[in-house]
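Student: Residue numbers (numbering that gives the first Met the number 0), protein chains in the order written: chain A, 0 to 333; chain B, 0 to 303; chain C, 0 to 331.
A few of these clues could be false.
What the hints assert, rightly or not - Here are the simulated lysine-lysine pairs, BS3-like style, with alpha carbons at most 30 Å apart:
#	chain 1	residue 1	chain 2	residue 2
1	C	K201	C	K152
2	B	K131	A	K2
3	C	K152	C	K130
4	C	K130	C	K201
5	A	K2	C	K201
6	B	K27	A	K122
As the list claims (entries may be wrong) - Partial list, computed: chain A residues near chain B (C-beta under 10 Å):
#	residue
7	W25
8	L130
9	P142
10	Y152
FYI, nobody ran anything at the bench for these hints, they're computed from the structure.
Beta carbons are placed, not taken as given, at the ideal position from N, Cα and C, and that holds for glycine.
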Amino acid sequence: MLKFVVRRLLLLVPILFGLSVLLFVWLRALPGGPAQALLGERATAESVARIEALYGLDEAWYVQYWKFVSAAVQLDFGNSARTNRPVTEEMLRTFPATFELAIAALIFAIGIGIPLGYFAARKYGSWLDNLSVSGSLLGVAVPVFFLAYILKYVFSVKLGWFPTQGRDDPRIDADHPTGFYVLDGIVTGNLEASWDAIMHLVLPAIALGAIPLAIIVRITRASVLDVVHEDYVRTAEAKGLQERTITRRHVLRNALLPVVTVIGLQAGLLFSGAILTETVFSFDGVGRFIAEAISNRDYAVLQGFILVIAAMYVVVNLLVDVSYGLIDPRVRVR
Amino acid sequence: MSLSEIEATTESEQLEQPAGNLRKEAWKRLRRDPVALVGFGLIAFFVLVAILAPLIAPYAPDAQPGRGMITPTNIPGPSADHWFGLDASGRDEFSRVVYGARQSLLVGVVATLIGMAGGLSLGVLAGAFGGKVDAVIMRIVDVMLSIPGLLMAIAIAALLGASLWSVMIAIAIINIPVFARLLRGQMLAQRGSDYVVAAVSIGVRRRPIVLGHILPNSISPVIVQATLTLATAIIEAAGLSFLGLGSADPRVPEWGRMLADTQRYLASAPHLAFFPGIAIVIAALGFTMLGERLREAIDPKYRR
Amino acid sequence: MTTTEPLLDVRDLSVTFARKSGPTVHAVDGVSFTVRPGETVGLVGESGSGKSVTSLAVMGLLPRRGVRVGGQVLFDTDDLLTLPRDRMRDIRGRDIAMVFQDPMSSLNPVVPIGVQVTEVLERHQRLRGDKASAAAAELLSRVGIPDPTRRLKEYPHQLSGGMRQRALIAMALACQPRLLIADEPTTALDVTIQAQIIELLKELVQDTGAALVMITHDLGIVAGLCDTVHVMYSGRIVESAGRRELFAEPRHPYTGGLLASVPRLDAPRGAPLHPIPGSPTDVLRWERGCAFAPRCPNRLDACTDGPPPLETLPGRRLRCLNPLSETEEVPA
Numbered sequence: 000m001l002k003f004v005v006r007r008l009l010l011l012v013p014i015l016f017g018l019s020v021l022l023f024v025w026l027r028a029l030p031g032g033p034a035q036a037l038l039g040e041r042a043t044a045e046s047v048a049r050i051e052a053l054y055g056l057d058e059a060w061y062v063q064y065w066k067f068v069s070a071a072v073q074l075d076f077g078n079s080a081r082t083n084r085p086v087t088e089e090m091l092r093t094f095p096a097t098f099e100l101a102i103a104a105l106i107f108a109i110g111i112g113i114p115l116g117y118f119a120a121r122k123y124g125s126w127l128d129n130l131s132v133s134g135s136l137l138g139v140a141v142p143v144f145f146l147a148y149i150l151k152y153v154f155s156v157k158l159g160w161f162p163t164q165g166r167d168d169p170r171i172d173a174d175h176p177t178g179f180y181v182l183d184g185i186v187t188g189n190l191e192a193s194w195d196a197i198m199h200l201v202l203p204a205i206a207l208g209a210i211p212l213a214i215i216v217r218i219t220r221a222s223v224l225d226v227v228h229e230d231y232v233r234t235a236e237a238k239g240l241q242e243r244t245i246t247r248r249h250v251l252r253n254a255l256l257p258v259v260t261v262i263g264l265q266a267g268l269l270f271s272g273a274i275l276t277e278t279v280f281s282f283d284g285v286g287r288f289i290a291e292a293i294s295n296r297d298y299a300v301l302q303g304f305i306l307v308i309a310a311m312y313v314v315v316n317l318l319v320d321v322s323y324g325l326i327d328p329r330v331r332v333r
Numbered sequence: 000m001s002l003s004e005i006e007a008t009t010e011s012e013q014l015e016q017p018a019g020n021l022r023k024e025a026w027k028r029l030r031r032d033p034v035a036l037v038g039f040g041l042i043a044f045f046v047l048v049a050i051l052a053p054l055i056a057p058y059a060p061d062a063q064p065g066r067g068m069i070t071p072t073n074i075p076g077p078s079a080d081h082w083f084g085l086d087a088s089g090r091d092e093f094s095r096v097v098y099g100a101r102q103s104l105l106v107g108v109v110a111t112l113i114g115m116a117g118g119l120s121l122g123v124l125a126g127a128f129g130g131k132v133d134a135v136i137m138r139i140v141d142v143m144l145s146i147p148g149l150l151m152a153i154a155i156a157a158l159l160g161a162s163l164w165s166v167m168i169a170i171a172i173i174n175i176p177v178f179a180r181l182l183r184g185q186m187l188a189q190r191g192s193d194y195v196v197a198a199v200s201i202g203v204r205r206r207p208i209v210l211g212h213i214l215p216n217s218i219s220p221v222i223v224q225a226t227l228t229l230a231t232a233i234i235e236a237a238g239l240s241f242l243g244l245g246s247a248d249p250r251v252p253e254w255g256r257m258l259a260d261t262q263r264y265l266a267s268a269p270h271l272a273f274f275p276g277i278a279i280v281i282a283a284l285g286f287t288m289l290g291e292r293l294r295e296a297i298d299p300k301y302r303r
Numbered sequence: 000m001t002t003t004e005p006l007l008d009v010r011d012l013s014v015t016f017a018r019k020s021g022p023t024v025h026a027v028d029g030v031s032f033t034v035r036p037g038e039t040v041g042l043v044g045e046s047g048s049g050k051s052v053t054s055l056a057v058m059g060l061l062p063r064r065g066v067r068v069g070g071q072v073l074f075d076t077d078d079l080l081t082l083p084r085d086r087m088r089d090i091r092g093r094d095i096a097m098v099f100q101d102p103m104s105s106l107n108p109v110v111p112i113g114v115q116v117t118e119v120l121e122r123h124q125r126l127r128g129d130k131a132s133a134a135a136a137e138l139l140s141r142v143g144i145p146d147p148t149r150r151l152k153e154y155p156h157q158l159s160g161g162m163r164q165r166a167l168i169a170m171a172l173a174c175q176p177r178l179l180i181a182d183e184p185t186t187a188l189d190v191t192i193q194a195q196i197i198e199l200l201k202e203l204v205q206d207t208g209a210a211l212v213m214i215t216h217d218l219g220i221v222a223g224l225c226d227t228v229h230v231m232y233s234g235r236i237v238e239s240a241g242r243r244e245l246f247a248e249p250r251h252p253y254t255g256g257l258l259a260s261v262p263r264l265d266a267p268r269g270a271p272l273h274p275i276p277g278s279p280t281d282v283l284r285w286e287r288g289c290a291f292a293p294r295c296p297n298r299l300d301a302c303t304d305g306p307p308p309l310e311t312l313p314g315r316r317l318r319c320l321n322p323l324s325e326t327e328e329v330p331a
């Protein structure tokens with residue numbers, strides 16, 4: 000098992016290296032170079048030269064690369080051109096928000112997806128099955144931002160059940176020691192603030208969780224359909240085991256193996272998916288910050304955020320692989 | 000007793016079909032499949048609208064026939080004159096949605112074709128040469144896949160500047176690794192298959208084997224993947240344009256940007272979000288439905 | 000022995016599969032046989048003869064959708080076919096147990112062997128914790144698995160095929176069932192292991208007094224094991240007899256063919272083998288005549304006029320209009 004983890008960790012090295020090269024090249028390939036990009040199109044040649052000297056952009060490329068990597072390792076990605084604050088600081092401000100949103104989206108997608116996929120398979124060919132199959136087809140065909148609009152229009156604008164935007168109601172006075180608003184409310188004993196944060200999370204979480212939900216339903220259904228026809232399920236039936244035991248121990252424990260992988264992959268994608276969702280709901284997280292960085296050509300922010308999100312994605316995939324090893328004994332031994 | 004009296008039991012039906020019949024079988028199954036047919040219908044509708052846009056749309060996409068009817072508090076919704084209502088600049092929403100099909104189809108098809116060509120070339124190189132070439136190519140593919148697709152598309156589109164081309168190239172690039180992996184997998188799987196071994200053993204050289212045997216046999220999964228990629232490409236293109244990375248000219252009707260522009264008017268003019276949104280869904284759903292069913296028809300593994 | 004009440008009494012069992020396309024299939028058609036306590040019964044036939052479906056019907060393990068089961072399966076005095084599902088669950092694994100064909104796929108790959116053994120004990124004997132583990136280890140050692148306490152913690156992929164089949168047998172025998180059904184238990188195993196497993200089954204049923212229904216296509220297994228043999232063809236029993244009678248004097252041409260097709264060591268070197276011509280798929284529907292007629296060397300015109308009845312002869316049941324004569328030597 001340890002060997003397996005170490006080997007997977009070693010695979011990270013070339014990927015992270017490739018990633019850093021890609022982003023390094025990316026920033027330097029921007030029209031006019033990073034200094035121009037930072038200063039805008041109307042910058043004078045002198046100011047460009049001054050900025051290049053200031054950031055060491057006039058040095059040899061390998062010196063620049065070395066400086067870039069050593070800074071990145073220390074999580075130093077420079078300053079945001081728009082807010083003029085360190086990119087790292089902006090990350091610390093926005094990441095908890097998106098984490099919270101991503102967790103809510105996952106709870107929604109897993110909490111509905113696995114039971115729905117399971118019952119669709121058990122009632123193969125029923126209306127529930129047909130509904131979940133067509134729903135999962137639709138789920139991947141509806142753009143996230145369109146779904147977000149629909150939810151916002153119906154449930155916020157028309158029905159007024161949920162707030163239309165943001166993370167909290169500014170009229171509620173709340174402290175935010177962790178940046179996770181739901182948690183903050185609980186920690187500070189301000190349950191009203193927690194509830195308010197949850198209400199703000201519901202619609203964005205549904206929008207963000209829709210694609211993972213569709214995919215989880217599909218994989219769970221297909222996987223359960225495969226497993227219920229396995230010989231070992233028949234063996235379990237022949238032992239006269241209770242249906243509960245058969246479902247939990249023999250069907251689900253096998254059927255959920257591929258689902259775990261898919262959940263991991265989808266979880267890794269939530270941070271980039273949040274770019275569109277957060278924009279619609281003006282949800283002050285990573286995604287909205289990136290969207291604003293795009294329109295403001297804030298390349299330092301883009302570079303830092305892309306690197307960190309991609310690294311997180313890689314690490315999440317690694318964790319999925321390792322956890323797969325934990326739950327599937329066949330992988331563990333190999 | 001005659002031979003005709005001997006009736007086959009179930010088992011004779013389970014005997015394997017010869018490989019040549021497999022594709023015919025798949026085709027037959029597809030033609031009877033309502034989901035695939037609806038998908039095909041949606042695609043046909045989408046393509047026809049795109050091609051015939053000038054005939055269908057009553058106005059040019061940048062004309063402002065309703066300019067005088069717009070006030071900051073009132074954007075007229077659907078009416079007999081303007082089926083989908085007017086947008087904030089007094090343009091006919093129906094005409095813009097119809098013309099938007101052109102952008103969407105163009106971006107989807109071009110991006111998919113470029114991505115497919117790039118991916119297939121890499122996959123063939125990796126699969127045909129193996130060894131170091133394979134290792135290097137697959138590492139590059141790994142790195143590309145380690146960045147979430149949308150994020151990478153944003154980075155590339157930002158690099159190239161706002162234009163239709165940059166959207167196409169960005170989406171094409173994020174699809175390259177998908178096709179590369181698919182084709183390499185196909186080649187590895189087929190390298191050990193009997194007919195390839197036979198061809199090698201009688202001294203056929205590498206290029207004829209790859210071009211004459213392996214590629215044609217990989218065509219079905221590639222078509223399936225291309226159909227599904229068209230769906231995601233259309234959605235991704237809308238996403239990039241939604242984020243302001245599409246065409247630099249705001250007069251060009253792009254569904255994604257139309258949705259972005261409507262954000263401020265969601266409460267007062269929901270039709271501006273509804274119609275372009277539905278248009279994206281129709282296009283993407285058509286390709287998704289057809290692609291999924293194609294996959295099921297061709298690969299028994301996905302059936303059920 | 001003949002006076003004992005039967006433990007299992009299968010009466011006129013029929014199983015039909017409805018299919019979306021094509022006619023319904025009569026997988027089992029009017030099958031009747033009995034199993035007395037402690038008796039070993041062989042159900043013999045080629046694939047598609049309905050022998051496995053018969054066993055699944057007895058166990059109540061046929062899929063519920065698209066399957067119709069008729070007749071009676073009396074166990075003690077209960078008709079298993081009409082028993083409520085939860086009562087059937089109580090009987091399965093406790094009174095009737097089953098060992099399946101493929102030990103590779105019949106064990107859950109992600110659950111340790113130990114849990115798969117103890118779960119039967121927990122379910123039917125309310126054994127828990129250490130007691131259950133100890134009992135499980137005892138079971139494993141009894142079926143000849145060395146170092147059972149270690150094996151309990153292992154997963155199926157860490158065991159060889161033969162060991163897995165032993166583990167499955169241990170699970171089946173955990174609650175000392177009165178009836179054990181073994182469906183081709185050795186087909187997926189190496190030849191050397193096959194003999195060991197058969198020997199093990201023989202020993203275990205002798206020790207525990209359980210009755211055994213052995214389902215197989217291999218007459219060699221039947222010859223060494225079974226008291227009574229039923230030969231099935233295309234869903235019906237074509238011949239039933241005691242082992243000695245059947246082997247000494249097969250009457251149905253199909254039984255004769257099966258026996259003749261077994262290579263014999265005492266045959267002269269170079270003597271031809273005698274396979275049954277055709278394949279089990281060349282079948283006539285029973286309503287039209289004898290299903291074996293298309294392959295039968297003894298076929299009469301009358302054979303394809305209608306279904307031949309299953310006649311009861313002294314010590315034998317036979318479904319044939321033109322059987323091999325009583326003195327006729329089996330072509331060898």
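Student: For every hint, state whether the structure bears it out.
Tutor: Each hint tested on the structure:
1. C/K201 / C/K152: Between C/K201 and C/K152 the Cα gap is close to 28 Å, so the pair holds against 30 Å.
2. B/K131 / A/K2: Measuring from Cα to Cα gives roughly 25 Å; hence the hint holds.
3. C/K152 / C/K130: 16 Å, holds
4. C/K130 / C/K201: Given pair C/K130, C/K201 holds - Cα atoms ~28 Å apart, limit 30 Å.
5. A/K2 / C/K201: 45 Å, violated
6. B/K27 / A/K122: Given pair B/K27, A/K122 holds - Cα atoms ~27 Å apart, limit 30 Å.
7. W25: Nearest chain B Cβ about 6 Å off; hint holds.
8. L130: 14 Å, violated
9. P142: Holds. Min distance 5 Å.
10. Y152: OK, holds: A/Y152 within 10 Å of chain B, min 5 Å.
Violated hints, in rising order: 5, 8; the structure is consistent with all others.
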